[in-house]
Each structure stands twice: as structure tokens, then as C-alpha cells.
Amino acid sequence: MTARVNELADNTTVLKYALVAPAVFVILLIGLYPFVQLALTSVQNVTMFGADNSFHGAVHYERLLGDERLWSALWNTIWFTAVALPIELVLGYLLALLFLQPLPLRRTLIAIILLPTVISPIVAGATWRLMLDQRFGPVNQLIGWIIGRDVEILWTINPSLVWPAVLVAEVWQWTPFMFLILLAALSNVDREQLEAAEVDGAGAWTVFRKVVLPAIMPVVVIAVLIRGLDLFRVFDVIWTMTQGGPGTRTETISIYAYQMAFREFEISYSAAIAFLVIVLLTIAVLVALRRVEIAR
Amino acid sequence: MRRWENGWRLALRLVLALVAVGFFAFPIYWLAAISIKSPEEIFAYPPVWIPSGINLSGYVALFRNGDVWAVWNSLVTASVSTVLAMILGTLAAYGIVRYRPGGENLTIWIISQRMIPPICVAFPIFLLFVSLGLVDTFVGLIVLYTAFNLPYVIWMMRGYIQDIPPELEQSALVDGLSRWAVITKVVIPMARGGFFATAVFTFIFAWNDFLFALVLTRSEVVTYPVQVTGYFGSQSTFWSQIGAMSMLGVLPMMLVVATMQRFIVRGMSMGAVKG
Amino acid sequence: MADLQLVNIDKHYGAVHAVRDVSLKVESGAFVVLVGPSGCGKSTLLRAIAGLEDITSGDIIIDGRNVTRLAPRARNVAMVFQSYALYPYLTVFENIAFGLRARGETEAAIRDRVNWAADTLSITDYLNRHPRELSGGQRQRVAIGRAIVREADVYLFDEPLSNLDAKLRDGMREELKRLHARLGRTFVYVTHDQVEAMTLADRIILLRDGVIEQDGTPLDLFERPETRFVAGFLGSPPMNMLDVTVEQADGIVRLEDGQMLPTDGLGIPKETGHYTWGIRPEQMRLAQKGEPHIKVAVDVVQPTGSKLLATTIAGRQKLTVELDAHSGVDAGQTITLAVSTTRTVFFDSDGRRV
Chain P
12 MTARVNELAD NTTVLKYALV APAVFVILLI GLYPFVQLAL TSVQNVTMFG
62 ADNSFHGAVH YERLLGDERL WSALWNTIWF TAVALPIELV LGYLLALLFL
112 QPLPLRRTLI AIILLPTVIS PIVAGATWRL MLDQRFGPVN QLIGWIIGRD
162 VEILWTINPS LVWPAVLVAE VWQWTPFMFL ILLAALSNVD REQLEAAEVD
212 GAGAWTVFRK VVLPAIMPVV VIAVLIRGLD LFRVFDVIWT MTQGGPGTRT
262 ETISIYAYQM AFREFEISYS AAIAFLVIVL LTIAVLVALR RVEIAR
Chain C
3 MRRWENGWRL ALRLVLALVA VGFFAFPIYW LAAISIKSPE EIFAYPPVWI
53 PSGINLSGYV ALFRNGDVWA VWNSLVTASV STVLAMILGT LAAYGIVRYR
103 PGGENLTIWI ISQRMIPPIC VAFPIFLLFV SLGLVDTFVG LIVLYTAFNL
153 PYVIWMMRGY IQDIPPELEQ SALVDGLSRW AVITKVVIPM ARGGFFATAV
203 FTFIFAWNDF LFALVLTRSE VVTYPVQVTG YFGSQSTFWS QIGAMSMLGV
253 LPMMLVVATM QRFIVRGMSM GAVKG
Chain Y
237 MADLQLVNID KHYGAVHAVR DVSLKVESGA FVVLVGPSGC GKSTLLRAIA
287 GLEDITSGDI IIDGRNVTRL APRARNVAMV FQSYALYPYL TVFENIAFGL
337 RARGETEAAI RDRVNWAADT LSITDYLNRH PRELSGGQRQ RVAIGRAIVR
387 EADVYLFDEP LSNLDAKLRD GMREELKRLH ARLGRTFVYV THDQVEAMTL
437 ADRIILLRDG VIEQDGTPLD LFERPETRFV AGFLGSPPMN MLDVTVEQAD
487 GIVRLEDGQM LPTDGLGIPK ETGHYTWGIR PEQMRLAQKG EPHIKVAVDV
537 VQPTGSKLLA TTIAGRQKLT VELDAHSGVD AGQTITLAVS TTRTVFFDSD
587 GRRV
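Chains as they are written, first to last, in our numbering: chain P, 12 to 307; chain C, 3 to 277; chain Y, 237 to 590.
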């Protein structure tokens, strides 16, 4: 057996393709089959009442245009991304500044801060749901202490508070990610350049704009891209905290697509939604990459 | 930059740092506290901040009603899929680095697979699994996690393998190893730090997954995150079970952070930042 | 111990023709050095022998066995790499033992062989260390140890000394030569350094643009270079190349600036015409009274301690001369030089020796 493998491996042409073939095959399972399936389903009419596999043209895509719940879910997603991302970035940056220079117990403290990012978003959501419980949660009690009377704020039920509640959980979980990446980037900023700038009499803001920012920019772009893509498909944390509610108040595009596919069994329609999301994401990524190239 | 700082500035920084640490650590403390509180303490008003003792009734309940199998299911699916993804992914990464099949396009295609939102492919995969009889099976979940993590493994291992000087492999070839043995005896030992780090992250992704587990499991291979959400009932919420089950999911991650700190930046930024 | 034969080797990299129809036979136990400027195909050839590079056409025969299509491990060659290629995660002992283990030798045999190799290279003290704890010179020894520990048919060296500093390089050169004498094995050695080629080889193969320019003993190549390229490549400081006209009938060599040097007719080309006259710096001396000579102006002098290197100008051409350290020659002087044509060489307009 081993000898046989060795002999086969001697043929570099065989080896060249044999090494990647199994992985490519497995990836095709999520990289090809679903797309074909989505494309087919989205032009048929498959619902909980039965599968009509005949060609229905673009009816489901037309429906997308007039679906207000879809557009509000999309708006929610974009809004959530647009708010959470800068908060995480700025908080992460400030935190990184705090830890850039020596500090007692630096490594341990950093490790503790990192913990939220490696736990399951489900656990993060569950934890914050417990934290924000109107009666038994510590958050309301803390607020009570501050304002001097007991409060029973319904964080995950009150429509005007539910987004801030979800936002807190999201920011809590992912700011450490930004923090860590920015800390690494800041540690790599050339000390001599900073010193040269100081010797030249540049003020703090100038030093930041002319020396620090250009140095960390590539890393910031990557971090924003990774987090942006994650935020755009946010599901878990909101699902645990609100399931998209109250009503459809916190419904994001992922949650809406899930509801359509697995609750309402609008299979064909959900396929059209999935396609829309993929197209939007592809455009977003291409635009982002183009901007990165221009920036270089 | 100044090499020294006066004591006040350092103290201020320390205080701010501790406040930040408090913000990030407290929710996990609260979770841990709930998991060891007695029911009376959990539902006390005002809330009890420090448990009076260790009450393991939440954990005992998990063992008694068999829900703890969810942790086992997570462990099996995450471990096996990690092993598979590491084997297939490392071989593919090596092939891509040394023999360049398909040129740049293959790499770009593979990494683009990482960007697909799970929800978009969840239903087609569900249909596929229904027709293959893979819904609610270990095999199904393992295959899926393997497939979903492979782009990550290939991308990361590609970076680590590129750092290995080709002469080391050539020398081994001349010394008597086959091209196959070179992978196991030279490439993997050379990249072992990155290999373990990648494996750990692959494990974390599978361990923490929720959406696929939600869609593709029913009762047999329910994983711990799905189980956690199950405790938020419409009638009642099982606080101590939520605490206990969540803590079982968090504890391995604490271990990861404690031991793998130096790999975390690179692992999470997909190698874009070498921390 | 075995001989090595290359038959009509060709190698293309896309449009680049890196090795062109190279054939040669290396006798068993020889120390052959492949030398040439970078890009001449010497490393490609060595790697082809090892099996690390596929050749486009031709045959590689080791000990009568055609190994052209065999995997590297089946060729029974050992190789030392320029970058040493040591495994950082293994101790020195395990690094040296690597090839033996790969071939499934017994533990006892491995220990014997490794200890012998370590002893031969005086690295016994470092056997339990890791490569990162060694100096460059020590790593170099370990790399050589990894090769000689094996009973290979042919030992290949790919610029093994080029990462060492000058002093260590001199020492290792001597040691390699001693090692070859002791082992009596077939060594094929690639370098771009002509000093290494001259000092180590008992046969030099000089390559240029993928073709063998000349193949012979070091002295052959040094004293009877077949082409102007070979003459210029070997020797330091390099050979002087003067454009001259030879008047065969009178036995006169006329320099570009019109100076005429009468000769006894020996060693000069058989036909009158334009030539390039190759003179090594050490083939000239200050002329005695009445002796035939050429007159040159001294531009710069560089004492080396044992000798004096004078850069002189003859007309518009530069001429470097190696003189006695105490000759008292100084910049700005005009001196007369005697040179015998019997050992110098002439090249025709195609760069071939006549």
C-alpha cells in the first residue's frame, strides 16, 4: 500500500491533481451543488403545498421588488452593519492604544478581553439575554443603582430598545477582534518613523494621519472587510436574543431568508432571496477590493 | 515615543484597562455564576451578584435528562470534521503551493467559497441531505463542516507552507523519501505551529456553528448551541441549564485562549495580519 | 563508488534553453567541478542529476544504470545544498541520520554511521543540539555530514560554501579536498567561484549559456584556455586582453598604440592578422637592459604584501601586471615590461585560441 502510494506520488502530474482533488470535490458540495439547486428552484414554484418544477420565469424575482418585509430586512442589515462596524473599530482602536505600551499583567488581561470573540455567538446572545433580563438581570439593577430607583426595562421586547440591546451584544463580542488586529498592526508601526515625526515637531494628530494611519490602513481594510461580511450575514446572536422580533423589528436578511425557507416553506422565493444576497455581497466585495487597489 | 511614562499616566491606563476588562469579562462571569447558582439565587430579586456556594444542579440536570449528549455531539462533529478538513486541506494547500494546479484561479475560487453566507446555501444543502438521508446524522454534519472549513484550512496552510524553503523538501527527496513521505515527514513538522493553530480555529468554527446545526439536525445529533436556544421556551426559560450548557461550550474556548494566544491574530484575520 | 554519464542533456524552461546538448562522463572517484557565471545551467544540470529537475531530453546514467526517469530517492545520490537545508525541528544527530532512516537502516548501523560522519567532520560535540544553536560554519558541516553519512554513488554539492565568510570558506575548501581524498568517492560540485573550482577540482567543466565551454584539468583550463571566455573567467586578477596585430614573417607583435615587440617567433599565431593577446599579470616582469619590451604608464599600484599589482596603460588599453613587492614601481612612472610569447595565448576574432 505505502509502496504503491509512493510510486504514484513519483508521477508529479498525478500528484499535482491528486493532492487538490479530494478537497475540491468536498468544497464543490457547498460551492457548486447549492448554486445549481438555487438557480433551478428560484425559477420554479416550490412551496409547502408542493413542488411545481415547471419553468416560472422571473416571478420570484419580481416579487422581491415589491416585498416590503425584504427591503426592511435588508435595510436593517445594512443599518446594523453600518452602526456596529465603526463602533467596533473605534473602540478596538482605543483599546489597542491602552494596551500598546507595557502594562502589568498585559498578556493575561488581553487574554480575558479576547474570550468573547472565541465563544459561540449563540452563547453570547444567550448571555446578554440573561444579562438584560428585566427582573433578574444585572444591567437593570445597575441602572437602578445609578438613577436611584428600581427599573424593569424590557430590553428585548421594547421595539425602541431592542436594537441597542442586540448592538451591545454584537459590539461586546467583536470589539476584541478589532482590538487584537489593531494592536498587532500598531505594534508593527515603525518606531523610527514615529520618532522622526516627533523630532520634526509634528503634532499628535499629524503623526496619526501621516504616520500611524498609512501604516495600519491595510490591516484596517482587511479587518473591516472580514467583519463587514460577517455582520452582513448576522444571524445567531439576533436569533437567540429576539428571533427577529418583536414582530419583524430586528429581522435581518439572514433571518428573513431563514423564516421564508424553513418556517413558511416558500422554497423558490427563498432561493431568489439567497441569490439576491449573493449578488449584493459579490458587488460589495468587488467594490471594496477595487477601493483597496485604488488606495494602494 | 517616550520610553518612560510617569506613574499617573500608567495608573490611568491601568484603571481604564481594568474597566475594559471588566466590561468584556463580566457577562461571562455572570454566565458562569448562573451555572453554579441555586434556583433560589437565580430568581432572587434583586439579583445575587456573588453565588453563596457552588450548586451544580444545572449541570446535574443536563446529565439526568441526557441533554449533555449535545456537548458530545458537538465534540464529535467538530473533532472529526477538523481532522478531515486538516488532512484534505493541508494536502490541497501543499499541492497548490508546490505544483500550482489551476494557477491563481483555483486559490481565488476556493477562498471565495468562504464568503458565501451559510443561510444562502442552507436550504439547498438541506434538500440534498434529505435526499441522501443525511439529515440528523453525524456523517451529514461532519461532511458539511469539513466542506465549509476547507477553504479556511487551505488558505491558512497555504500561507504556512509557502514559508517552508523548498530545499528542505528537495534534500529529503534526495535522501530517500518519496514525494508522499516528504509531506508527512518534512512539510507537516515544518508547519506544525501553523498546523495546530489552524486546526484549533477549524475546531472553533465547527464547535460554535449554529445555523447548519439548526437546519440539519432534529434530535439525534443536536449540538450544544442548538440545545442552548432550546432552553428559551415560550412558556419558561431554563436559566440554570442555559448557564450550564453554555459554560460547557465556553470552557474549551477558555483553554484555547490561554494556550493559543499568539496564534489568534493570524488565525482570525485569515493570515492577513501576522501578530 | 560509481561513474556518472550525461548523454545529450537538454533542458527548456518555456522559451529558455537552459542546457543545450550537454554530454560528459565523470570517472569513478573524480572530483568534478561545474563552474560558470550565473545562469549558465550548472545548477540545473546538478539538480537534473539529483532528479529534482526533469530534463527535456537526454539520459543520465549512474554506474551503468539509466536513472533518467527514476525518482530522486531511487538514484542513490547525496546532495549538499547552498542553504544547508537542515531540519530545524531535528537535532544534529537526527539531521545526519535522516537519509539513513529514510532508507530503513537499523538503529545500530545508523548510530555507527552518524558517529563516524560526525567524527570525520569534528562535530561530535554538537550532535544533541538543534541547527539554530549552531554557527554558519557548523551548520555547513552538518549539511556535509548528512551527505557523506550515506553510501551514495555520487555526491552532489550545490554551491555549499557560498554562504560562509571568506575565512571559513578557505578552511572548508581545504577540508572538502581532504574529505574527497579520504572517501575516494565521486564528487560533482557546482560553484560560480573560480578559486573554488581551481583549488578543488581534478577536473573542471566550464559552462556558458547551457553549453560546455571547456572541460579539462584546472591547469589545462588555466594555461590552455580554448576560448577567450575561459581565459577571462579563470584567474585573479583576470587575464589581460590586448588587441594586437601579429606580423608572422618578422615575428613581431604590434600593439594598438603602435609599439612593436619583437619575439623569437615561438607561440605566436601562424598567420599575420589581428588577434587578442591574452597575458596573465604574472607572465610579465620588468625588462632588463637590451631586452625586448613594451613601454607602459603606471596608473595605480596596489601592494598586496607579497606582490605589487600595477595597473598600467598601454595606448588606450589597460594592462595589469604582477610585480615583485620591492620593485619600487610607483604611480606616474613609465616602465618597460618583458613578456614571453611562449606561455601567453592568442585568440582570433571569434574568441578561439590559435
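Note that these hints are calculated values from the structure, not bench results. One thing to keep in mind: the hints can contain errors.
Just so you have them, the derived chain C footprint on chain P, three or more residues with Cβ under 8 angstroms [as the list claims (entries may be wrong)]: (1) 117-123; (2) 177-189; (3) 234-241; (4) 273-282.
With beta-carbon atoms standing in for the labels, derived distance ranges [as the list claims (entries may be wrong)]: (5) Y/A402 with P/F219: 32 to 40 angstroms; (6) Y/E410 with P/N199: 43 to 51 angstroms; (7) P/N199 with Y/E518: 37 to 45 angstroms; (8) P/M228 with Y/R337: 23 to 31 angstroms; (9) Y/A344 with C/I113: 49 to 57 angstroms; (10) C/Q164 with P/R220: 53 to 61 angstroms; (11) C/I113 with P/E163: 47 to 55 angstroms; (12) P/L172 with C/P191: 32 to 40 angstroms; (13) C/A260 with Y/A344: 41 to 49 angstroms; (14) P/W82 with C/S236: 40 to 48 angstroms; (15) P/W82 with C/N8: 50 to 58 angstroms; (16) P/V16 with C/A260: 35 to 43 angstroms.
Computed cross-link-like contacts, DSBU-like style, restricted to lysine-lysine with a CA-CA straight-line distance of at most 35 angstroms [stated by the list, open to error]: (17) P/K27 with Y/K506; (18) Y/K525 with Y/K506; (19) Y/K506 with Y/K554; (20) P/K27 with C/K187; (21) Y/K403 with Y/K554; (22) Y/K543 with Y/K413; (23) Y/K403 with Y/K543; (24) Y/K413 with C/K187.
Built from N, CA and C at the ideal position, the CB exists for glycine as well.
These are the hints, each one checked on the structure:
no. : hint                                   : result
1   : 117-123                                : holds (count 5)
2   : 177-189                                : holds (count 4)
3   : 234-241                                : holds (count 3)
4   : 273-282                                : holds (count 4)
5   : Y/A402 with P/F219: 32 to 40 angstroms : violated, 48 angstroms
6   : Y/E410 with P/N199: 43 to 51 angstroms : holds, 45 angstroms
7   : P/N199 with Y/E518: 37 to 45 angstroms : violated, 55 angstroms
8   : P/M228 with Y/R337: 23 to 31 angstroms : violated, 49 angstroms
9   : Y/A344 with C/I113: 49 to 57 angstroms : holds, 50 angstroms
10  : C/Q164 with P/R220: 53 to 61 angstroms : violated, 34 angstroms
11  : C/I113 with P/E163: 47 to 55 angstroms : holds, 48 angstroms
12  : P/L172 with C/P191: 32 to 40 angstroms : violated, 55 angstroms
13  : C/A260 with Y/A344: 41 to 49 angstroms : holds, 44 angstroms
14  : P/W82 with C/S236: 40 to 48 angstroms  : violated, 29 angstroms
15  : P/W82 with C/N8: 50 to 58 angstroms    : holds, 56 angstroms
16  : P/V16 with C/A260: 35 to 43 angstroms  : holds, 39 angstroms
17  : P/K27 with Y/K506                      : violated, 60 angstroms
18  : Y/K525 with Y/K506                     : holds, 29 angstroms
19  : Y/K506 with Y/K554                     : holds, 26 angstroms
20  : P/K27 with C/K187                      : holds, 19 angstroms
21  : Y/K403 with Y/K554                     : holds, 31 angstroms
22  : Y/K543 with Y/K413                     : holds, 27 angstroms
23  : Y/K403 with Y/K543                     : holds, 20 angstroms
24  : Y/K413 with C/K187                     : holds, 33 angstroms
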